Amino acid sequence: MNLIGLLKRTASTTASLGTITADATRPRRMEWYDIIVGSEATPADNAFLYVFQRCTAPGTSTALALQPLDPADAATEQDAGQVNTVEPTYTSLLIMNEIPLNQRSTMRWVATEGGRIITPATASNGMGIATPTAAAVVITATIYVCER
Amino acid sequence: MPERLKPIGGYLTITEPDKDLVERDTICCGHCQRAVWVKPHTASTVYLQFDRVRWQWDEVPGAVCCVCWRPVCLTCHDHGRCIPWERMLDISEGKDRLTRTVFAGFTPTG
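If you read the protein sequences in the order shown, they are chains Y and S.
What the first sequence shows, in the numbering used here, is residues 1 to 148, in sequence order.
What the second sequence shows, in the numbering used here, is residues 149 to 258, in sequence order.
Don't read these hints as lab results, they were simulated from the structure.
These numbers come from a predicted model, not from an experiment.
For every residue, glycine included, the Cβ atom is placed at its ideal position computed from N, Cα and C.
Treat the hints with care, since some could be wrong.
The following label-pair restraints were derived from C-beta to C-beta distances [said to hold, decoys possible]:
hint, chain 1, residue 1, chain 2, residue 2, range
1, S, D206, Y, L6, 31 to 37 Å
2, Y, D23, S, R200, 50 to 56 Å
3, S, C214, Y, T62, 42 to 48 Å
4, Y, V110, S, A191, 37 to 43 Å
5, S, V250, Y, S92, 22 to 28 Å
6, S, V212, Y, E40, 37 to 43 Å
7, Y, C146, S, R202, 46 to 52 Å
8, Y, T60, S, R202, 32 to 38 Å
9, S, R202, Y, S92, 21 to 27 Å
10, Y, T42, S, V215, 47 to 53 Å
11, Y, R28, S, F251, 17 to 23 Å
12, S, F251, Y, N2, 29 to 35 Å
13, Y, T42, S, W203, 34 to 40 Å
Just chain S, with the same shape it has in the complex (with noise of 0.2 Å):
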């Protein structure tokens, strides 16, 4: 696959005694970043998803934002919305900043 394809994200192995190496790709979500599992061989279009109940995984059509062309998790799939990671972090400072600029010096009186 061309360089300028592959989804960016991560790479992980989990180790046993006496079984083999379990190696999976992650993908990093273009909304909150989270590291989705992506089954081997797929190029990042089959996630994994791992189910509580019946403790196991599930494959699962993968997803991408129309908006901005990045691939997102299933749950910011279902959101709706485009916020990329990068906005997403912008307005959680900004209202930090404002809050902490505010109430600089403040003192409660009374």
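Chain Y on its own, in the form it takes in the complex (with noise of 0.2 Å):
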């Protein structure tokens, strides 16, 4: 099942812009395969620093809803947030991937078969995206992810 969450937030550097976890008690293997991310702010010349680290459990969020690509699939058991305001617990080490961009700029990562992010059918288990480096303006990520 193909999914897409839009996150977003006024970016932070020590709250991350959200996370996509598996659910605490149905969790469900995730598969990362199309990311997007940027500044819907006015254009300036601001360094960001994206990251994509593994999690283990999403923190506290705003609940967002992923939404199916094709309407006729059932609902999604991952669990998506967008805001923290308590950071997730992330997994030392495991950072998947990094990307320093300018506000102006635009990043689309998108993976090969046999290169998709795999998040475990672990409770709570997932990825967040966190901005060490951010001006606090408006950011945004597309994640697309296949729920296994």
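Two chains, two frames, some hints: make the complex.
This is the structure in structure tokens:
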């Protein structure tokens, strides 16, 4: 089942953009295969660093509904959130992607069939997006995932 | 390069107004699945490593695990153990299944 998540917040160096994690009671594997990040704010020359890191707990955030690309699909079991107020429990050293970016720029990463980042079917495990270098402007991330 | 020798990974683009399009290939680390940026035209043998302090990219030699013969990120290379990502998923999911099975229906008393 292919899903899309749109994460948005005013960037913070101490609070994550958001997370997509497996359900705590009905966990399913998830493959991340398409990521788009950027800022919708007025173009300016500010440096951002987007860090995609595995996490074992999603922290506290505003719940977000992942939308199925095929409306005929059943409801997803995955949990998604944005605008973290309590940070996810990131797993040390398991940084899946690190993207330095100008505020004016947009980055898109697409995985090949065998290169997708897979998060386990383990309760509340998934991946979060942190911005340790950021300016206080609105940033967005569009994430395409496939639930197994 | 023959199809069977191509590392599996991904492709990224960075677009910025008034600047040329930046395109990079990525390879998937065979142990942790990290998307490692690679230098173009090096057959994925040269990795691009981002230095947060200097805010610039460094070109460093790539790494391959001599047990599973998959390209690996430098963190896994330094770790020195071969645990393919499929095995890591099995370990993680196995622990979780055991925990949920043991505590299924458990009601704390007192």
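field: Supplied distance hint 34 to 40 Å, evaluated on CB atoms of T42 of chain Y and W203 of chain S
entry: Hint violated: Cβ distance 22 Å, outside 34 to 40 Å.
- prompt: Does 37 to 43 Å hold as the CB distance between V212 of chain S and E40 of chain Y, or does it fail?
  reply: This hint holds: roughly 40 Å between Cβ atoms.
message: I want to verify a distance hint. Is the separation of the beta carbons of C146 of chain Y and R202 of chain S within 46 to 52 Å?
response: The hinted range 46 to 52 Å is violated for C146 of chain Y and R202 of chain S, with Cβ atoms some 37 Å apart.
field: Verdict for R202 of chain S, S92 of chain Y (Cβ pair) under range 21 to 27 Å
entry: 23 Å, holds
query: Falls inside 32 to 38 Å, the C-beta gap from T60 of chain Y to R202 of chain S?
result: Holds, at about 34 Å.
- request: Could you say whether the range 47 to 53 Å given as a hint is met by the Cβ separation of T42 of chain Y and V215 of chain S?
  value: At 51 Å between Cβs, range holds.
- prompt: Per the hint of 31 to 37 Å, is the separation of the Cβ atoms of D206 of chain S and L6 of chain Y within bounds?
  reply: 33 Å, holds
message: Looking only at beta-carbon atoms, does the pair D23 of chain Y, R200 of chain S fall within the given range of 50 to 56 Å?
response: Violated, since D23 of chain Y and R200 of chain S (Cβ atoms, about 33 Å apart) do not stay within the stated range.
field: F251 of chain S paired with N2 of chain Y, Cβ distance criterion 29 to 35 Å
entry: Holds: the Cβ-Cβ distance is about 33 Å, inside 29 to 35 Å.
query: For the pair R28 of chain Y and F251 of chain S, does the Cβ-Cβ distance stay inside 17 to 23 Å?
result: At 20 Å between Cβs, range holds.
message: Given a hint of 42 to 48 Å, does the C-beta separation of C214 of chain S and T62 of chain Y actually sit inside it?
response: With a Cβ separation near 46 Å, C214 of chain S and T62 of chain Y satisfy 42 to 48 Å, so the hint holds.
message: Given a hint of 37 to 43 Å, does the C-beta separation of V110 of chain Y and A191 of chain S actually sit inside it?
response: 20 Å, violated
Comparing the model with each earlier hint shows violations of hints 2, 4, 7 and 13; every other hint is respected.
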